[in-house]
Amino acid sequence: MTDKPLTQNIIGFEGPTDLSRYQVNGGYSALRSTIGKTDPDAVLELIKDSDLKGRGGAGFPTGMKWSFVPKPDGKGHRYLIANADEMEPGTFKDRILMEKDPHQLIEGMILSAYTISADIGYIFIRAEYHTAIARLNEAISDAQAANLLGNNILESDYSFRLHVHVSAGRYICGEETALLNSLEGKRAIPRAKPPFPQVSGLWGRPTIVNNVETLCNITHIVKHGPDWFKALGKGVDGGTKLFGASGRVKHPGCWELPMGTSIREILEVHAGGMADGYELKGFLPGGASTDFLTPDHLDIPMEYDTVMKAGSRMGTGTMIILDDRSCPVGMIANLEKFFARESCGFCTPCREGLPWVQQILDRIEAGDGEMSDLDILERQSQFIGAIGNTHCAHAPGAIEPLASGMKYFRDDFIAHIEGKACPYTTGP
Amino acid sequence: MSTIATDNPMNILTEAEIGEIENEIRHLPDRRSAAIDGLKIVQAYRGWISDESLGAIAELLGMSIDELDGIATFYNLIYRQPVGDKVILFCDSVSCWLMDGDAVCQKIKQILDIDYGETTTDNQYTLLPVTCLGDCDHAPAMMVGDELHHDLTPDNVGECLK
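Line by line, the protein sequences are chains A and B.
Each residue of the first sequence is one higher than the last, beginning at 380 in our numbering.
Each residue of the second sequence is one higher than the last, beginning at 7 in our numbering.
I should point out that these hints are in silico values taken from the structure, not numbers from a laboratory.
It cannot be assumed that every hint is accurate.
Straight-line Cα separation of at most 20 Å, DMTMM-like style, residue types lysine to aspartate or glutamate; simulated pairs [said to hold, decoys possible]:
#, chain 1, residue 1, chain 2, residue 2
1, A, K613, A, D684
2, A, K565, B, E30
3, A, K565, B, E65
4, A, K613, A, D382
Looking from chain A toward chain B, a few residues come up when the C-beta cut is under 7 Å (computed) [claimed, not checked]:
#, residue
5, E465
6, G529
7, A667
8, F717
9, A719
What follows is a list of derived Cβ distance ranges for each label pair [as the list claims (entries may be wrong)]:
#, chain 1, residue 1, chain 2, residue 2, range
10, B, G151, A, D420, 24 to 34 Å
11, A, N531, B, D119, 33 to 43 Å
12, B, K92, A, I766, 39 to 49 Å
13, A, R400, B, G151, 40 to 50 Å
14, B, D36, A, P573, 22 to 32 Å
15, B, K92, A, L677, 37 to 47 Å
16, A, G394, B, R52, 48 to 58 Å
17, A, D536, B, G151, 26 to 36 Å
18, A, P573, B, G76, 38 to 48 Å
19, B, K168, A, G405, 21 to 31 Å
20, B, N17, A, H456, 43 to 53 Å
21, A, P451, B, D128, 56 to 66 Å
22, A, T510, B, A50, 11 to 21 Å
Because the structure is a prediction, the values reported are computed rather than measured.
Virtual Cβ for every residue (Gly too), placed ideally from N, Cα, C.
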């Protein structure tokens with residue numbers, strides 16, 4: 380059995396895998412042995428026992444999420460949605476899974492939909508992913524032709540229709556309730572919870588939204604069992620994870636590694652260490668909305684709880700590397716410009732607070748900052764970052780790199796203010 | 007109040023556009039759920055959504071013009087102004103920034119003599135910023151029309167614009 384289930388069809392093969400190649404490595408065998416043969420509740424138990432946690436960033440246990448879906452009432456549709464709206468800055472993992480091995484996602488979705496008795500599925504994907512969109516559509520039509528998808532799958536009583544929904548933009552669509560509003564044709568404004576989507580989601584019906592990588596794991600857990608899955612991880616968390624690194628490292632990239640692989644191994648072995656002439660100053664472990672960590676944290680294993688204890692989040696697992704020649708204030712200003720632009724505008728702390736923060740950061744970066752600006756940034760961080768002041772996690776996520784950046788790189792902020800210029804600017 | 011006049015959509019939208027929108031509606035619980043689809047379909051034919059197109063789509067879906075405009079202006083890939091033949095979506099997110107994406111963008115602006123939000127005088131390109139394109143191991147990256155270009159430098163970016 381492979382120790383790289385998610386990329387077994389991708390490594391060393393140019394791809395994409397078509398239906399026949401996908402089946403060479405046992406593709407759709409989990410589906411064949413499950414649909415119409417295994418009770419959906421038994422599949423749910425497998426997923427719960429595996430302790431699979433959501434790979435989109437929040438790390439919520441998938442089996443528990445599914446268990447909140449009410450029993451079928453026969454009164455209407457039930458939905459399963461793949462969140463393929465990969466837009467977290469610095470994150471480039473779901474694209475690979477969809478472009479290179481589209482059937483893996485589709486089989487995972489059919490098994491997941493069967494488990495929660497969903498009859499309609501959507502892959503909600505950003506419009507810029509043209510290649511992934513084309514390959515998913517082709518794979519769906521091949522799976523339908525082979526009766527692996529659609530009406531009466533493999534002549535069972537179970538039917539599942541799957542559509543690719545191409546989005547019209549905006550980062551906030553990745554928030555699951557904003558995604559639902561967008562699928563309904565509305566502005567993508569996150570909904571207040573409760574009710575949770577499991578009970579009242581798309582068009583008011585029970586709905587599960589899972590990240591692409593999460594859904595890709597389902598097939599392998601069903602096929603090999605929860606104990607096998609747990610044993611793939613090096614520590615507390617089971618399974619593998621697509622980890623990545625971008626920025627000034629020798630070999631930026633994305634690799635499937637055991638959950639619990641140390642940050643040092645990812646950066647020094649897989650990414651080849653820092654590029655020549657650059658030193659590591661800090662990093663965001665899992666996308667733009669995670670707190671900075673520093674070289675002191677290199678020996679931490681990439682696991683949900685340990686990264687949290689170090690003061691950050693594992694997030695999407697794709698790290699953004701800050702080198703010693705790039706300005707931390709400039710980097711944080713870039714991040715906050717992004718978050719300010721991508722706020723949906725509904726909640727005041729996010730709509731008004733983030734542009735204020737952005738303006739102050741731009742001022743400091745330009746050499747026009749004052750020491751009192753740091754107090755404003757700190758106070759704003761508390762208001763904007765507090766969970767519960769806003770419907771969704773956009774604003775709290777935006778504050779994570781700011782608050783941690785001000786803690787670790789305070790000297791840089793002060794150098795900008797006292798020197799009335801960015802000390803990193805080397806000129807054109 | 008909106009000043010866009012409503013008209014019979016049949017006089018403004020083509021049969022093909024209406025057919026495709028109606029086809030989407032068939033899969034949906036109500037007509038207004040096709041709002042974004044409708045905008046995308048018409049934009050695919052016309053390049054952008056004019057006031058006239060917006061009014062006709064709203065009429066077709068039984069929505070107010072203002073409500074549909076609220077949706078149209080929310081999404082960054084729905085264009086409420088004319089765009090060039092190809093839209094350049096330049097990633098201005100953090101991984102590209104760390105790899106000197108700003109210098110690449112400056113070069114594009116210089117070559118095409120436009121800023122963000124502008125279209126070249128020959129109507130060939132419109133330049134817009136976009137959120138992370140998920141190609142960070144090959145930063146800086148951008149889309150030109152449907153094509154992804156990456157590992158950009160100020161020296162090689164001109165090749166992508168020929």
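Verification of the supplied hints:
no.: 1; hint: A:K613 to A:D684; in the structure: holds (14 Å)
no.: 2; hint: A:K565 to B:E30; in the structure: holds (15 Å)
no.: 3; hint: A:K565 to B:E65; in the structure: holds (16 Å)
no.: 4; hint: A:K613 to A:D382; in the structure: holds (12 Å)
no.: 5; hint: E465; in the structure: holds (5 Å)
no.: 6; hint: G529; in the structure: violated (14 Å)
no.: 7; hint: A667; in the structure: holds (6 Å)
no.: 8; hint: F717; in the structure: holds (6 Å)
no.: 9; hint: A719; in the structure: violated (12 Å)
no.: 10; hint: B:G151 to A:D420: 24 to 34 Å; in the structure: violated (48 Å)
no.: 11; hint: A:N531 to B:D119: 33 to 43 Å; in the structure: violated (60 Å)
no.: 12; hint: B:K92 to A:I766: 39 to 49 Å; in the structure: holds (42 Å)
no.: 13; hint: A:R400 to B:G151: 40 to 50 Å; in the structure: violated (30 Å)
no.: 14; hint: B:D36 to A:P573: 22 to 32 Å; in the structure: holds (24 Å)
no.: 15; hint: B:K92 to A:L677: 37 to 47 Å; in the structure: holds (43 Å)
no.: 16; hint: A:G394 to B:R52: 48 to 58 Å; in the structure: violated (36 Å)
no.: 17; hint: A:D536 to B:G151: 26 to 36 Å; in the structure: violated (45 Å)
no.: 18; hint: A:P573 to B:G76: 38 to 48 Å; in the structure: violated (26 Å)
no.: 19; hint: B:K168 to A:G405: 21 to 31 Å; in the structure: violated (46 Å)
no.: 20; hint: B:N17 to A:H456: 43 to 53 Å; in the structure: violated (36 Å)
no.: 21; hint: A:P451 to B:D128: 56 to 66 Å; in the structure: holds (58 Å)
no.: 22; hint: A:T510 to B:A50: 11 to 21 Å; in the structure: holds (18 Å)
Checked against the numbered hints given earlier, this structure breaks hints 6, 9, 10, 11, 13, 16, 17, 18, 19, 20; the rest are met.
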